[in-house]
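Chemist: If you want the building blocks of each chain, they are given just below.
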Amino acid sequence: MRTLTEDEVQVGVALPELVIDLTPTTVVSTALATMDFTPVHHDPASARAQGSKDVFLNILTTMGLVERYVTDWAGPEALIRGINVKLGVPAYAGDRLTFTGTVVGRENGEFTVEVRGRVSLGDHASGTVRVALPDR
Amino acid sequence: MTAANPPAGVPDPDFHERLTALAEKRMAAGEVYGEAAADPVNLPMIRHWAAAMGDANPLHTDAEAAAAGVHGEIVAPPAMIQVWTMPGLAGPAGRPESAGSPIDDVLAALDAAGYTGVVATNCEQTYDRYLRLGERPVPATRLTGLSGPKRTALGEGYFVTWNVTWYSEGERVAEMLFRVLKFHPGERKTTPDTRQPYPLGPAVNDDTAFFWEGVARGELRIQRCADCGELRHPPGPVCPSCRSAGRTYVVASGEGEVYSYVVHHNPPIPGWETPFAVAVVQLPEGVRIVGAVVDCAPAEVGIGMPLRVTYRQKDDNLILPLWVPRET
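Going down the list, the sequences are from chains A and B.
Numbering-wise (this note's numbering), the first sequence opens with residue 1 and increments by one.
Numbering-wise (this note's numbering), the second sequence opens with residue 137 and increments by one.
Think of the hints as simulated: they come from the structure by calculation, not from any bench.
By construction, the Cβ of each residue, glycine as well, lies at the ideal position given by its N, Cα and C atoms.
Possibly wrong hints are sitting among the right ones.
As the list claims (entries may be wrong) - Facing chain A, according to a computed beta carbon distance under 7 Å, are these residues of chain B, among others:
1. ASP198
2. ALA289
3. GLU292
4. PHE295
Claimed, not checked - Facing chain A, from chain B, some residues (calculated, C-beta under 7 Å):
5. TRP185
6. ASP191
7. PRO194
8. PRO214
9. ALA215
10. THR252
11. VAL254
12. ASN258
13. CYS259
14. SER283
15. HIS400
16. ASN402
17. PRO403
18. THR410
19. PHE412
20. VAL414
Whole structure, please, built from the sequences with the hints as guidance.
Modeler: Here you go:
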């Protein structure tokens with residue numbers, strides 16, 4: 001795994017798409033790995049009782065997946081400086097989460113990547129990630 | 137913050153003022169420290185997190201690769217920052233960092249006033265540096281915003297914003313802004329079986345009443361100038377061709393085809409599940425009419441698609457004319 005360098009990335013470049021099938025195992029394992037034991041993230045009956053159709057991703061996982069999406073592309077030595085996410089529709093078990101992204105800016109040695117994570121209901125998360133890359 | 141009208145459906149007319157005063161007091165109090173991470177930053181929790189996320193970055197899990205990398209040692213993924221100070225099963229699940237924090241009683245006051253629904257809207261994290269194994273970050277929470285009451289697709293509610301700053305070894309390592317909407321869930325459709333009033337009823341007036349009376353009888357009525365005979369839609373008081381105010385109507389065949397359309401994804405529209413298609417429908421009679429296309433996936437809608445009108449009961453009083461694909 002190689003890390004992209006500053007001069008290899010241009011504003012406007014698109015990141016490769018990342019598709020994640022949200023199995024119940026994905027939803028439950030990520031909820032527990034982020035120490036979130038809220039029942040709606042692991043107990044379908046509890047999720048339905050509050051009006052949701054199934055268990056759904058927790059926010060700490062959304063943040064983690066956004067980070068992974070950008071570092072999968074940029075490489076292990078990329079430094080994530082910040083993640084700003086606007087949260088949209090729930091990402092339910094059984095759905096498919098598709099990340100797309102574009103490099104939209106470069107300032108003070110940092111690149112800004114616009115990221116969208118879509119599910120069948122619409123945008124689950126949209127926002128920006130600030131990432132610093134090695135200069136060579 | 138200026139005083140607004142008291143929110144509808146809240147029996148206590150002073151609620152907004154009391155809530156605002158409480159929020160201002162908590163905001164003025166500033167940062168409140170929480171418990172340090174129960175466990176120091178550690179490899180097993182990182183490994184579980186990386187496996188669940190599908191994150192293969194070796195600098196988080198492989199000591200040898202990490203030693204040769206930019207950090208010189210294993211570091212935690214930055215998006216794990218909140219994980220370290222989650223309360224776990226023993227604490228109040230689902231409300232991280234909030235125990236004893238300045239946001240607790242503001243959220244409790246909203247709960248007590250009927251704003252029991254909660255949905256997160258924004259999460260913004262800034263990382264000053266990556267955490268190393270053995271560090272025990274300490275969270276500090278401050279309330280930074282309260283706005284409302286506002287009408288939203290979920291119901292009336294207040295937006296509550298707080299910031300959490302994590303410190304380790306005497307320095308700031310990360311900060312998070314978190315915003316939730318606390319809303320009255322009673323205004324939201326709960327189950328498909330209970331018929332709630334459709335929230336987007338049409339404005340019926342002297343010009344449009346004939347149209348809605350027709351819809352209630354299963355007729356698609358198009359306004360017709362009583363003098364020159366020109367058809368027009370949407371209905372209006374005066375004929376755009378001859379300026380006559382005399383009007384009558386004809387009943388359309390109920391067939392049409394897609395002249396143009398959009399697929400609506402966002403924002404959410406009460407009474408509708410997104411995405412859905414809205415078409416400009418060309419009628420053989422000559423006018424165009426706007427309506428949603430139902431009983432088919434939005435992706436299947438296309439220009440020229442043959443349609444047939446259908447009438448759907450949206451609540452006890454309202455029937456809407458909608459469009460479905462027509463076999464040709």
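Chemist: It remains to establish, for every hint, whether it holds in the given structure.
Modeler: Now the hints, each set against the structure:
With a cut of 7 Å, the hint placing B/ASP198 at the interface with chain A is violated, because the nearest CB-to-CB distance is about 10 Å. With a cut of 7 Å, the hint placing B/ALA289 at the interface with chain A is violated, because the nearest CB-to-CB distance is about 11 Å. With a cut of 7 Å, the hint placing B/GLU292 at the interface with chain A is violated, because the nearest CB-to-CB distance is about 17 Å. Annotation: interface hint on B/PHE295 violated; nearest CB of chain A at approximately 13 Å, more than 7 Å.
With a cut of 7 Å, the hint placing B/TRP185 at the interface with chain A holds, because the nearest CB-to-CB distance is about 4 Å. This hint holds: B/ASP191 has a C-beta 4 Å from the nearest C-beta of chain A, less than the 7 Å allowed. Checking B/PRO194 against chain A by beta carbon gives a least distance of about 6 Å; that is within 7 Å, so the hint holds. Because the beta carbon of B/PRO214 sits about 5 Å from the nearest beta carbon in chain A, less than 7 Å, this interface hint is met.
Annotation: interface hint on B/ALA215 holds; nearest CB of chain A at approximately 4 Å, less than 7 Å. Among the interface hints, the one on B/THR252 is violated; its C-beta lies about 10 Å from the nearest C-beta in chain A, farther than the 7 Å criterion. Below 7 Å, beta-carbon pairs count as interface contacts, and B/VAL254 has none with chain A, the closest being about 10 Å; its hint is therefore violated. Annotation: interface hint on B/ASN258 holds; nearest CB of chain A at approximately 6 Å, less than 7 Å.
Below 7 Å, beta-carbon pairs count as interface contacts, and B/CYS259 has one with chain A at about 5 Å; its hint therefore holds. For B/SER283, the interface hint is violated, the least distance from its beta-carbon to any beta-carbon of chain A being 16 Å, above 7 Å. Given hint, B/HIS400 at the interface with chain A, is violated; its Cβ is 10 Å from that chain's nearest Cβ, farther than 7 Å. Because the smallest distance between the Cβ of B/ASN402 and any Cβ of chain A comes to about 6 Å, under 7 Å, the interface hint for this residue holds.
About 9 Å separates the beta-carbon of B/PRO403 from the nearest beta-carbon of chain A, more than 7 Å, and the hint is not met. With 7 Å as the threshold, the beta carbon of B/THR410 comes within range of chain A, its nearest partner Cβ sitting at about 6 Å, so the hint holds. Because the beta carbon of B/PHE412 sits about 11 Å from the nearest beta carbon in chain A, more than 7 Å, this interface hint is broken. Nearest Cβ of chain A to the Cβ of B/VAL414: about 15 Å, over the 7 Å cut. The hint is violated.
Hints 1, 2, 3, 4, 10, 11, 14, 15, 17, 19 and 20 from the list above are not met by this structure, while the remaining hints are.
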